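These protein sequence lines are chains A and B, in that order.
Here the working numbering is used: the first residue of the first sequence is 1, the next is one more, and so on.
Here the working numbering is used: the first residue of the second sequence is 1, the next is one more, and so on.
The set of hints was computed from the structure by calculation and includes no laboratory data.
Note that the structure is a prediction, hence the values are computed from the model and not measured.
Hints may be right or wrong, so weigh each one.
With a straight-line Cα cutoff of 20 angstroms, these simulated SDA-like cross-link-like pairs (lysine to any residue) come out [as the list claims (entries may be wrong)]: (1) B:178 x A:166; (2) A:48 x A:8; (3) B:178 x A:192; (4) A:178 x A:204; (5) A:77 x A:59; (6) A:104 x B:112; (7) A:222 x B:196; (8) A:288 x A:111; (9) A:178 x B:212; (10) B:178 x A:164; (11) A:104 x B:130; (12) A:178 x B:194; (13) A:287 x B:104; (14) A:178 x B:192; (15) A:222 x B:195; (16) B:51 x B:93; (17) B:288 x B:59; (18) A:287 x A:112; (19) A:222 x A:199; (20) A:178 x B:196; (21) A:98 x A:68; (22) A:104 x B:110; (23) A:28 x A:15; (24) A:77 x A:101; (25) B:28 x B:84.
A few chain A positions that, by computed beta-carbon distances, are all more than 10 angstroms from chain B [to be verified]: (26) 7; (27) 42; (28) 48; (29) 67; (30) 244.
In this text, a Cβ means the ideal position worked out from N, Cα and C, and glycines have one as well.
Number of protein chains: 2
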Amino acid sequence: MQLIDGNAIAESVLAQVAAEVATIRGRKPAVAFVRVGEDPASISYVAKKQKTAAQVGMDSRLELFPESTTQAELLAKIAQLNADPNVDGILVQSPLPKHMDETKVFNNVHPDKDVDGFNTVNVGRLVQEDPGGFVACTPAGIVELIRRSGTETDGRHVVVVGRSLIVGKPVGLLLLQKGLPGNATVTFCHSRTRNLAAVAREADILIAAIGRPRFITADMVKEGATVIDVGINRIPDATKKSGYRIVGDVDFDAVAPRTARITPVPGGVGPMTVAMLMNNTLKAWKKKHA
Amino acid sequence: MQLIDGNAIAESVLAQVAAEVATIRGRKPAVAFVRVGEDPASISYVAKKQKTAAQVGMDSRLELFPESTTQAELLAKIAQLNADPNVDGILVQSPLPKHMDETKVFNNVHPDKDVDGFNTVNVGRLVQEDPGGFVACTPAGIVELIRRSGTETDGRHVVVVGRSLIVGKPVGLLLLQKGLPGNATVTFCHSRTRNLAAVAREADILIAAIGRPRFITADMVKEGATVIDVGINRIPDATKKSGYRIVGDVDFDAVAPRTARITPVPGGVGPMTVAMLMNNTLKAWKKKHA
Chain A
1 MQLIDGNAIA
11 ESVLAQVAAE
21 VATIRGRKPA
31 VAFVRVGEDP
41 ASISYVAKKQ
51 KTAAQVGMDS
61 RLELFPESTT
71 QAELLAKIAQ
81 LNADPNVDGI
91 LVQSPLPKHM
101 DETKVFNNVH
111 PDKDVDGFNT
121 VNVGRLVQED
131 PGGFVACTPA
141 GIVELIRRSG
151 TETDGRHVVV
161 VGRSLIVGKP
171 VGLLLLQKGL
181 PGNATVTFCH
191 SRTRNLAAVA
201 READILIAAI
211 GRPRFITADM
221 VKEGATVIDV
231 GINRIPDATK
241 KSGYRIVGDV
251 DFDAVAPRTA
261 RITPVPGGVG
271 PMTVAMLMNN
281 TLKAWKKKHA
Chain B
1 MQLIDGNAIA
11 ESVLAQVAAE
21 VATIRGRKPA
31 VAFVRVGEDP
41 ASISYVAKKQ
51 KTAAQVGMDS
61 RLELFPESTT
71 QAELLAKIAQ
81 LNADPNVDGI
91 LVQSPLPKHM
101 DETKVFNNVH
111 PDKDVDGFNT
121 VNVGRLVQED
131 PGGFVACTPA
141 GIVELIRRSG
151 TETDGRHVVV
161 VGRSLIVGKP
171 VGLLLLQKGL
181 PGNATVTFCH
191 SRTRNLAAVA
201 READILIAAI
211 GRPRFITADM
221 VKEGATVIDV
231 GINRIPDATK
241 KSGYRIVGDV
251 DFDAVAPRTA
261 RITPVPGGVG
271 PMTVAMLMNN
281 TLKAWKKKHA
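Using the sequences plus the hints, can you model the full thing?
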């Protein structure tokens with residue numbers, strides 16, 4: 001069993017991005033973060049993304065709004081960032097306050113600056129296999145983990161557990177695409193699936209994105225499979241100062257010995273998300289300078 | 001074994017559309033067809049669609065262009081139809097001449113008049129499960145066949161053979177959606193799939209959309225499955241005046257006895273496509289009058 005080291009792979013993606021950014025003369029790629037309210041997780045995510053942007057030599061800025069901001073005010077800022085020639089990528093940090101329509105807000109980010117890949121146009125481009133689109137960072141990161149760990153996809157059976165818009169569907173659609181890494185047979189299963197264990201056991205590559213702690217047990221995994229664990233679940237742990245710890249969607253200790261390769265949680269998919277955001281921002285800069 | 005009668009189901013869809021159109025006072029739903037060149041199949045398809053529009057009480061018009069038309073001229077006409085308040089739906093008949101970029105042309109049809117469902121925005125809406133989008137007519141028709149033949153999808157395993165943008169991917173995505181008819185476990189397989197027969201045998205509902213005559217043989221079908229045959233393939237037949245006949249992607253004679261339900265070719269999926277186009281046009285009219 002080989003542990004797929006998400007931290008190391010993310011660092012190598014970031015090193016490639018940094019090397020390419022270093023060759024750019026003049027204005028560097030720039031990403032604008034928009035945060036509404038003071039959600040502690042959002043504060044932490046955006047800070048991490050800004051720090052990583054600086055690490056790879058990109059510019060970033062942060063547009064802060066109070067929780068009480070109206071959707072119209074937020075959309076006005078997005079329109080301004082869309083029009084700003086010095087901004088390549090725009091990321092509106094989720095979750096937004098309940099009085100806003102998140103889909104509508106994301107769809108107001110211009111598709112060519114939509115480094116988060118949530119605009120309906122970019123979702124459509126993914127289905128249409130248009131390489132000019134932006135793919136959401138978590139699914140794009142999963143594909144990089146698969147590729148850089150030497151996992152073959154051609155003709156292999158990928159089973160995605162979970163049909164969410166932000167992970168399950170896009171990652172399956174990516175691996176279904178013509179060309180590599182892709183050309184996989186792809187099965188989507190979910191909470192309504194009958195005999196999920198039998199379906200999951202068919203997987204050469206099993207992607208767990210269902211959001212339930214240690215849901216994938218050893219009997220659901222074929223000997224020699226590659227397992228990608230997208231889950232980030234908090235479970236109570238009295239031995240921790242915080243009172244909890246993070247576990248994935250996979251029962252790691254029982255499953256890992258059966259696998260050819262597996263991602264840990266934390267340190268697997270997680271670090272890839274920020275790395276792919278930087279990759280998308282560089283791509284947005286390139287699209288503008290093509 | 002029950003034969004799924006696509007002609008009868010299409011007629012019942014059309015009767016419902018006609019009944020609803022009959023209640024509309026004032027301007028009736030209207031669809032504009034755009035045809036470029038004199039491809040015999042295109043002439044025949046558009047004529048059939050216009051006749052069906054008349055049958056359900058809708059207005060239609062035909063915009064004809066010579067093969068030599070420039071893409072700019074075509075796009076100018078589409079812009080005019082987009083702006084025309086008396087046009088609800090626009091259908092640009094495929095194939096376009098080789099000097100045109102079909103994807104670009106389709107993307108110039110306004111998403112809210114895109115009754116063909118080929119605009120990238122409508123493809124994205126399908127993934128995002130936005131009921132306000134337009135779904136391409138063939139996959140939408142397949143789902144109606146499944147629904148109206150009483151075939152259950154909840155938790156059932158759908159295997160789609162073929163990953164095309166116009167049939168395979170959208171029909172699988174529709175049946176994966178939350179709610180009914182949907183909630184299926186969905187597998188996409190294709191020419192690169194290893195051991196396709198074994199994968200196909202898992203299907204409770206097998207959808208053949210691979211474009212190869214009689215590709216699906218009896219050993220690929222589970223006893224009691226429902227089989228939907230999307231194929232329209234010409235094979236030589238000396239007994240026919242035309243010199244050919246149409247067969248599906250399924251080896252019907254060998255497969256049918258094993259199935260619970262199966263669509264014939266012709267008379268299965270084919271008739272549904274035009275019926276769903278009328279349904280989409282009515283939906284476009286309703287969106288405007290909501």
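Each hint tested on the structure:
1. B:178 x A:166: Holds: residue 178 of chain B and residue 166 of chain A sit about 15 angstroms apart, inside 20 angstroms.
2. A:48 x A:8: Given that 20 angstroms is the threshold and the Cα spacing comes to 17 angstroms, the pair holds.
3. B:178 x A:192: holds (9 angstroms)
4. A:178 x A:204: Holds: residue 178 of chain A and residue 204 of chain A sit about 18 angstroms apart, inside 20 angstroms.
5. A:77 x A:59: holds (18 angstroms)
6. A:104 x B:112: With Cα atoms ~16 angstroms apart, residue 104 of chain A and residue 112 of chain B stay inside 20 angstroms; holds.
7. A:222 x B:196: With a Cα-Cα distance of about 18 angstroms, the restraint between residue 222 of chain A and residue 196 of chain B holds, given a limit of 20 angstroms.
8. A:288 x A:111: Measuring from Cα to Cα gives roughly 12 angstroms; hence the hint holds.
9. A:178 x B:212: holds (18 angstroms)
10. B:178 x A:164: Measuring from Cα to Cα gives roughly 10 angstroms; hence the hint holds.
11. A:104 x B:130: holds (12 angstroms)
12. A:178 x B:194: Cα-Cα ~15 angstroms, so holds.
13. A:287 x B:104: Given that 20 angstroms is the threshold and the Cα spacing comes to 18 angstroms, the pair holds.
14. A:178 x B:192: Holds: residue 178 of chain A and residue 192 of chain B sit about 9 angstroms apart, inside 20 angstroms.
15. A:222 x B:195: Holds, because 17 angstroms separates the two Cα atoms, which is no more than 20 angstroms.
16. B:51 x B:93: holds (15 angstroms)
17. B:288 x B:59: holds (16 angstroms)
18. A:287 x A:112: holds (8 angstroms)
19. A:222 x A:199: Between residue 222 of chain A and residue 199 of chain A the Cα gap is close to 10 angstroms, so the pair holds against 20 angstroms.
20. A:178 x B:196: Given pair residue 178 of chain A, residue 196 of chain B holds - Cα atoms ~17 angstroms apart, limit 20 angstroms.
21. A:98 x A:68: Holds, at about 10 angstroms.
22. A:104 x B:110: This hinted pair holds, its Cα atoms lying about 18 angstroms apart.
23. A:28 x A:15: With Cα atoms ~16 angstroms apart, residue 28 of chain A and residue 15 of chain A stay inside 20 angstroms; holds.
24. A:77 x A:101: holds (16 angstroms)
25. B:28 x B:84: holds (14 angstroms)
26. 7: Since the minimum Cβ distance to chain B is about 31 angstroms, residue 7 of chain A lies beyond 10 angstroms and the statement holds.
27. 42: holds (22 angstroms)
28. 48: holds (27 angstroms)
29. 67: holds (26 angstroms)
30. 244: At roughly 29 angstroms from the nearest Cβ of chain B, residue 244 of chain A sits farther out than 10 angstroms, so the non-interface label holds.
Checked against the numbered hints given earlier, the structure satisfies every one of them.
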